[in-house]
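Note that the protein sequences, when read in sequence, are chains A and B.
Following our numbering, the numbering of the first sequence begins with 1 at its first residue and continues without gaps.
Following our numbering, the numbering of the second sequence begins with 428 at its first residue and continues without gaps.
Rather than coming from a laboratory, the hints here were simulated on the basis of the structure.
Possibly wrong hints are sitting among the right ones.
[Unchecked claim] From the structure, some residues in chain A lie toward chain B, with a derived Cβ separation under 7 Å:
hint: 1; residue: N79
hint: 2; residue: C118
hint: 3; residue: R241
hint: 4; residue: P242
hint: 5; residue: I299
hint: 6; residue: R300
hint: 7; residue: Q304
hint: 8; residue: K402
hint: 9; residue: I421
[To be verified] As a list, the in silico BS3-like pairs of lysine-lysine whose alpha-carbon atoms are at most 30 Å apart:
hint: 10; chain 1: B; residue 1: K1032; chain 2: B; residue 2: K1072
hint: 11; chain 1: A; residue 1: K114; chain 2: B; residue 2: K431
hint: 12; chain 1: B; residue 1: K1146; chain 2: A; residue 2: K238
hint: 13; chain 1: B; residue 1: K931; chain 2: A; residue 2: K312
hint: 14; chain 1: B; residue 1: K478; chain 2: A; residue 2: K114
hint: 15; chain 1: A; residue 1: K123; chain 2: B; residue 2: K438
hint: 16; chain 1: A; residue 1: K114; chain 2: A; residue 2: K191
hint: 17; chain 1: A; residue 1: K81; chain 2: B; residue 2: K644
hint: 18; chain 1: A; residue 1: K308; chain 2: B; residue 2: K431
We treat Cβ as the ideally placed atom computed from N, Cα and C, and that holds for glycine.
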Amino acid sequence: MTEEQRAEDPIKTGSILVVGGGISGLTAALEAAEVGYEVFLVEKEPSLGGRVAQLRYYFPKLCPPTCGLEINFRRIKENPKIHYFTLAEVQSVSGSPGSYDVTVKLNPRYVNEKCTCCGECEKACMAKIPNAFNFDMDSTKGAYLPHEMAFPMRYVISPKILGTDDAKRCVEACQYDAIDLEMQPKTMNLKVGAVIFATGWKPYDASKIDNLGFQYRNVVTNMMMERLAAPNGPTSGKISRPSDNMGISRIAFVQCAGSRDENHLPYCSYICCMASLKQATYVREQYPEAQIYIFYIDIRAPGQRYEKFYKKIKEDENIFLIKGKVAEVQEDPSSRNITVVAENAVTGEKIQETVDMAVLATGMVPTTADTKLPGDVRCDPDGFVVSDLAQGGVFATGCAAKPLDVTSSNQHATGVALKAIQTLVSR
Amino acid sequence: MEKKLGVYICKGCGLGEALDIEKLEKKVPPKVKIRKVHPILCSPEGVDLIKNDMENEGVNTVVIAACSRRVLWDVFDFRPAITERVNLREGVVWSHKPREDAMPEEGPQVDEWIQEMAQDYLRMGIAGAEKIEPTEPYKPEEEINKRIMVMGGGVTGLSAALEVAKAGHEAVVIEKETKVGGFATKMRKQTPWAYPYEDLQEPVIEQIVKEAEANPKITIRTETEVARVFGAPGLYDVSFKAPGTESKWDIPAPVEAAEGAEAPPQPPGADEATPDNPANILAKDPEAERFGAIILATGWKPYELKKEAEEPAEAEGEAPKEAEGEAPKEEEPTYEHLGFGAIPDVVTNVAFEEMAGQGKILRLSDGKPAGSVAFVQCPGQGSDADFPYASSITSMVALKQAKYVREDNPDAKAYIFYQHMRTLGQNEYFYKSIQQDEGIFLTKGDVVSVSQNGDGLVLEANDTLLGENIKVAVDMVVLGTGMVPVTRDDPILNLAYRQGPGFKDLDLFDGYADSNFICFPYETRRTGIYVAGCVHRALGIQECREDATGAALKAIQCLESANRGVAVHPRSWDMTFPDFFFQRCTQCKRCTEECPFGALDDDEKGTPLTNPTRCRRCGICMGACPERIVNFSDYSIDSIGSMVKAIDVPEDDEEKLRVLILACENDAYPALDICGLNRLSYNAHVRIIPVRCLGSVNVVWIKDALSKGMDGILMVGCKFGDDYQCHFIKGSELADIRMDKIGEALVSLALEKERVQQIQIAIDEYDKLPGMIAEFMEVIHGVGPNPFKGF
């Protein structure tokens, strides 16, 4: 059944709702569905995969996330128990464990199930819109495919071009009658027994960290770095200085950009140390001679496998690990070079390195920090969702529950799938 | 089932323009009566056309010549009918730019090369579809048992049992000690796991034990060990014994195969063993108990500092070089500088915890209360690495134990020397709360030495936050040693499997039963057996409980899947399974040895014994079999072989060489699709067949291709090596080994071994594929046409 057909005929009872189609939500949904439970998976973006789809590689294995996503998407295709909805938002959840009434808003894609993904609308559309998938470092057309591994593989018309000639051009270009500009939001009612929130995280807003110079063109965040290094990113995988697209001979990574900082995120964001070590390998792959400076408070490589990776990085003679919190990031206006100023944590001595570009290892903020979830859901002061395991019924997993890496998220999500099942079983 | 084929050709998405569809349709063999062309096959009208033929014409095998099978699968879902997708869009039209200078003078403006490619694919699709059979799920004769055995009665094991029970299943916990609870019962306090993450918590273990003991669905067996696990998911027969005793059902120790030898480990006396002789791993204990799945939660043991000398290096970073020259390493106690072993008041964090759990913190030397304690996280000596097998847990434990010192005596002092404080996530709050304690001194520092000074100790450290070189007088020193997974030194499971008693290749993960897959932490090479807790990774108590819940789900999921007759991850919900035609088996044992999941055993003659519920349906056995007796209903020697044979090979056209590409359907085939989506062109003389795994490629397909006159074969699959990406662990690596052997065979036939090659590719490296294919074509042009062409 296609998404549209399922929306007409949702299954009503004994099922589990998973909110969020990133890696944790996918995992929770698939694991529960493979036990044999009906699962509704609701994602607000036009495609599944979430945050990890933006990553070039996972640490420490340096393998592409799309590899696992492809398997997960195939699991969805094979499994009649799982029903996914994109551009869908949960609006209300009411009831008690075992019996929840849920309303889901299905936002218009303006492209229906007749889309073959031929790409003619994209060619016809002239307007460009910032590409959020690439953190606005490039643009897409007003008719676009979220990315080339998008699932479902179907185009989207941006609401920004509605009412313009571009929208008309898209309609005319489509031979398949797949573009429907009159599409309206729809509401779908579900009755489910348990709800899992896997609403994930977003990068901490680097512009809030005054002293780290995010306003300078050659200062990017770690998530932007993932896109710069990705073959399907804005630079087709070439890591270069944003200001002039020149190569890199010196680069700095600024750890704890916002994290472990009372003024920003008091907690540790779990993944940023490993992410920067990983990104050092991206730079090394393209620039065998580049000098890489990593400014850190502690290198948090938690456990044997990560420690091994860290050890390998340390063997690189041109990777300099500097124990010191960065106090300031400056730009030379003429060369656009970046100077990173830090204080050595042990000696107190002031360190300065001038580099071609700097990467801020910004931390993770739970989506729920500023978006209230529907229903009776409790969050801690950081915005992470607290599951009431004793009562059951509603759970959180992945980075909605706590800062985690991918492996730990998936471990957690697999367990939470069982907690949801227990809610159904015990009733 | 009598097959009735319907062939449906789409003209949409540029197919109608780039191809001569009329000519293409004529290539459908005459025996296929139902053949239709539609302008947009995926439109409701197109789908109705097919459904109509299914209803009114009895079509039960649908061949759709349109786009890739990876897209619009929900539109073209005609289950239970057989559907074969011929990939004309991504695989032909989108990935091949027509040569403008090669257009015919009259007739449809179609590039002949591209047209030929489409024709071949259509013929191949039809040939394959004719050989595919409908699938019946495998149902074992015996009923699938739904009880779950949990090995290990610590926090993780008991939690797993409780989670299993809450989901409605029975669990039996096996614990070798006299009581359950594990190390957690020896602990004084636990680190906090909820906001505000500040105060130490009373251990939860007591509550967990109570709950588990009271749960009617849980049976706890203490002073019990597993002697033998016989069988397969849903059908495990387990023999128990008293710990430390010998049982006749003990799994005989595997005999290491000699270097280069191919024989699997055979227990002594197994050759003449009869099925009721326990020396034979195929013997089944009549008194064994049946279980459906197993959770391995046997935890960790403290890292033995003294053993460090025997296993130098790994986490030690650069060991002092002069030590190497002076004496053999075995005699070099690496932690001598820390006084461990020589000074009684230098203890490990494990010993310290046990002492704190029992009561006051006292010096071992004289029994006096310890007024000041130093915690050493990193052994120093030029490296910033913590002790081997340390983790974020060791950091948290040091903070916790410093707090014990302060709890016992408000005037006491605690010092923590570390290089990297690993308090991840919200555990940072706990670290911060410790920093507020004015009796706890936290500093980065390189600990140089610990020595006795009168009745106290002196610790020397360099480069600390308290000064460049400092000396601290303390009563005790606690070393932050790590947690070693018990699976490092002991197979534990005692599986009666031909491939051996434990998990395979754990040395890749320093002994942890790690899955190796970031995305799939519960992936296991022994289907039905899932690990949790500190055998999995170093985890804290709360994380162990969460991990136990995940493993409990996987165990239940495996039972349900076995009961349904479908595969578990990664081919979840696949109902096919390998069917062996034993009459032709020559007992070469290749399938038994090569199955990455140990799904096959063999009898005394070497004939494979299948265990379908262990099977993951990768087809590596099919690829291994020289007699070609292993097949799946929808994926067989014949179905792929027929596709190969359906390729039209021009006989004397040096320009039109033909190359067969066998592409892994998990990564390489999607990457090829993305080439199409991005309109990246690759050579039009290749013919691509997706395979379940490169490991499932049988040599006969390569022979078929060569005897058909094809000029080369390129295998495209996942990366192998320590960080293997093959979803079936060994598939691409095994294929590579087999290809090497094929090379030799080719030479003996006077064919160049370059004709058959394998390349490794990750799914995101699609942009490299056209170049890699071009490079291979270049090689083939270099060696020239296959001399067997036309024979």
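For this session: Hint by hint, work out which the structure violates, then give me just those numbers in ascending order.
Result: 3, 4, 10 and 18
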